[in-house]
Amino acid sequence: MKNIMVAGVGGQGLVLATKIMAEAALKAGLDVKTNDVVGLSQRGGMVWGSARIGKEVHSPNIPVGEADILLGMEPLEALRWKGLLRKGAIVVINEKRTYPSSVLLEQAEYPEKEIGDLEQDYVVIRVDAVREAKEAGNIKAANTVVLGILARHMDIDREVWEEVLLENVPPKAMDANIKAFNIGYEYQ
Amino acid sequence: MKSVMTGNQAIARGFWEAGGRLAASYPGSPTVEMLESLKDYDEIYSEFSVNEKVALEVAMGASFYGARAMASMKHVGVNIAADPLMTFTQTKINGGFVLVSGDDPGMASSQNEQDNRMFGKFANMGILYPGNSQEAKDYMKIALEMSENFQMPMLLDITSRVCHSRSMVDTGTRVEKEISGFSPDREKYTMLPPHTFKPQHEMKERMEKLSETAYDIPINQLFEKEGTDTLIVTSGLMYYNLLELDPDVSIYKLGMVYPLSERRMRELADKYSKIIVLEEMMPFIENELTLLGIPCRGKDLFSFTGELHIEDIGKGLEKVGIIEGSEELEAPRVQTVPRPPMFCAGCPHRPVFDVLKKAKVRVIGDIGCYSMAALDQWDASDIMISMGASVGITKGMNKMMRRNGDQAPLVSVIGDGTFFHSGMTGFVNLLHQMDEDDNMTFIILENSTTAMTGGQHNASSGNFTQTDDMKVDVEAMLRAIGFTNVRKVDQFDYKAMKEAVKEETGRNGTSVIITTRPCALRFKIREKNFYVDPKVCIGCRTCVKTNCPPIRMKEYQGIDKLKSFIDPDMCVGCSVCAQVCPVGAIKRSQ
Ligand SMILES: Cc1ncc(C[n+]2csc(CCOP(=O)(O)OP(=O)(O)O)c2C)c(N)n1
Ligand code: SF4
Ligand code: SF4
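Line by line, the protein sequences are chains A and B. Just so you know, we're using our numbering here: the first sequence kicks off at 1 and counts up by one. Just so you know, we're using our numbering here: the second sequence kicks off at 1001 and counts up by one.
Keep in mind that the hints were calculated from the coordinates and are not lab data. The beta carbon of each residue, even a glycine, is placed where N, CA and C say it ideally should be. One or more hints might be untrue.
[Claimed, not checked] 27 Å max Cα-Cα, derived DSSO-like pairs, lysine-lysine:
| hint | chain 1 | residue 1 | chain 2 | residue 2 |
| --- | --- | --- | --- | --- |
| 1 | B | Lys1498 | A | Lys172 |
| 2 | A | Lys27 | B | Lys1528 |
| 3 | A | Lys172 | B | Lys1524 |
| 4 | A | Lys134 | B | Lys1002 |
| 5 | A | Lys2 | B | Lys1274 |
[Claimed, not checked] Chain A regions said to be covered by chain B (calculated; three or more residues, Cβ under 8 Å):
| hint | stretch |
| --- | --- |
| 6 | 9–22 |
| 7 | 41–47 |
| 8 | 94–100 |
| 9 | 146–160 |
| 10 | 165–178 |
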């Protein structure tokens, strides 16, 4: 069983990310359950999604301390879900910061130190997914870069991911998304 | 064929496979996607109606005509639809009728946490309670069958987690159901006394019959383990969360949570000395067992509010020794800087609340994206209860303020979606007993969509976008019913907005301001971005306080003081920050 947590900011398109994971699992003949946050938080609030993929999945909820991979689409949001992780889990962090209200208004400080400290307990992979996506030709493909990194750590064929990806993006964004996926997959 | 679906999609699929003909809904989390998915099926007439009451009535009409029908809504929507529902349930259902209620344990996006299983019982409906997408699809079909067999409306009660969670579903083909048509029968369909007397007995009888079938319907599943004296009675997602803990107990999983089979429950009570009920929110099943005189535990072990996660269930079961030594777990979420929601970049609501905040007036709010004005970073709206409530509340408070010698103006904000949903009637009521010293300013935020729930159409969207067909002219409508002081304002003309608020609050009477800018997110509005010239910026933070996601203070090289900065990737060029800047430091890029 692989437990994957995705965390980000409302508007980043996490629902599509968990959908792609679910469909990849289906194509690979595995069982899957996902969660998503839908509602008020989608207006720039904290949002998250999760996918549990394996032979047989009962609950869609990841038990505390059992997440294997955390995809932090924003650094502060990655930090927020630390408690869910097992020891030695993989944490992918998209470096592009989106500052919450209290930071914009100078009432709180962005927790840079705590985000840096994640490296002490977890395998942290940092990526400027927005820049990589721009490179691939579409700034909106940032999540795809991160999905590419995820794919590398899953027992699902690369082709399966690519197939599902193509089924889920508009025709004119296909090229950029495949490029973005490959950048992620090969990311060191 | 196997596919992965959310619970919402699965319900739509189940309705289609079962030969469903008409579906009506009103948007609200967690059920929005149900109707949106139904739009994919040509055989089904579907609509987002103007509110939940109308949605229920539209579905009732189809059912009376012998077509399979469903109405879906968020839990609080059932309050709006309650009046027709409570009498419709007295009739003998013709075409299968299912009401889908999306409950929201934990209130991820709701103003309350009401447990609509109570409503189901109150309205004499059988209640099915799915726990994953496969069940959501299957139960929809079963509910339609039951509705026709027992001639009662059925409640499919689903929680937000199950609505939004994806899991595997075996899909089938559609089985056409004929539309049987309507045969007038006053006794059955005209709920006037004396025709209402017999239905009271019939409702009781049909429920008793349904409860007999509850003894062995396949969706009530008993999983027995050898050598245990404990039975956990549960339903929905809680069953699947419980499986994660793999406890050494027998489990009775209720697909139908109401009515229970008395015979089955007594048999189980004889066999098991300990019965534990595991359910989210109210002690519903627990109370049913208690009414039967069956001793059980439940809410003393598990919280009556919020979602019950695997860990919460573990802790509850540890108290009765079923699970041992579940180690002290960390909270899944660490304490760090919170991230409350914000108005989008370019949101048309931003300048309105910036003006109201600076005007220091009392603001009565309503429900929609503009509810965010009540958050700490704005603190620009003081009351929020339920959709449309702002109008009556404002009137009542205004009357008492004046009688109490308080002459302060009162401002009320309402979105266009909420105006059509349930604000209109309140506006008509404003015209009754107007007093000279009234001072109420109603701002209708006409952003041409129901934004909060994902940008569905509303009754005036057609004025702005060709893809929608309803073009109600709010101003003409208000004038027609008798309002004389109505004006339209483009709120991206900051000065004009400020003037309008100043003038209307500065004089007595009842006035209406309609703001005209559309939702930036729904209509993907993006113009050339603005930037800050740090050499002109004086660091006063007036722009930062408009709380637009791209604006913050930043260190510039070679400048000591922090100066404002706009993230060019995020700015959509609405110009509001530039208009509030006192020194003209913010300019549009070329
Ligand atoms: C009775 C009821 N039904 C549905 C909802 C879900 N809901 C929340 S806000 C909203 C409407 C928002 O539309 P509008 O008033 O136009 O404001 P906007 O979000 O566009 O600013 C709805 C339908 C609810 N809270 N209560
Ligand atoms: S969705 Fe539309 S109305 Fe809601 S905050 Fe964003 S721009 Fe404003
Ligand atoms: S112009 Fe200013 S207020 Fe408007 S979207 Fe850009 S940064 Fe925000």
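Hints breached by this structure:
Violated hints: 1, 2, 4, 5, 9 and 10; rest satisfied.
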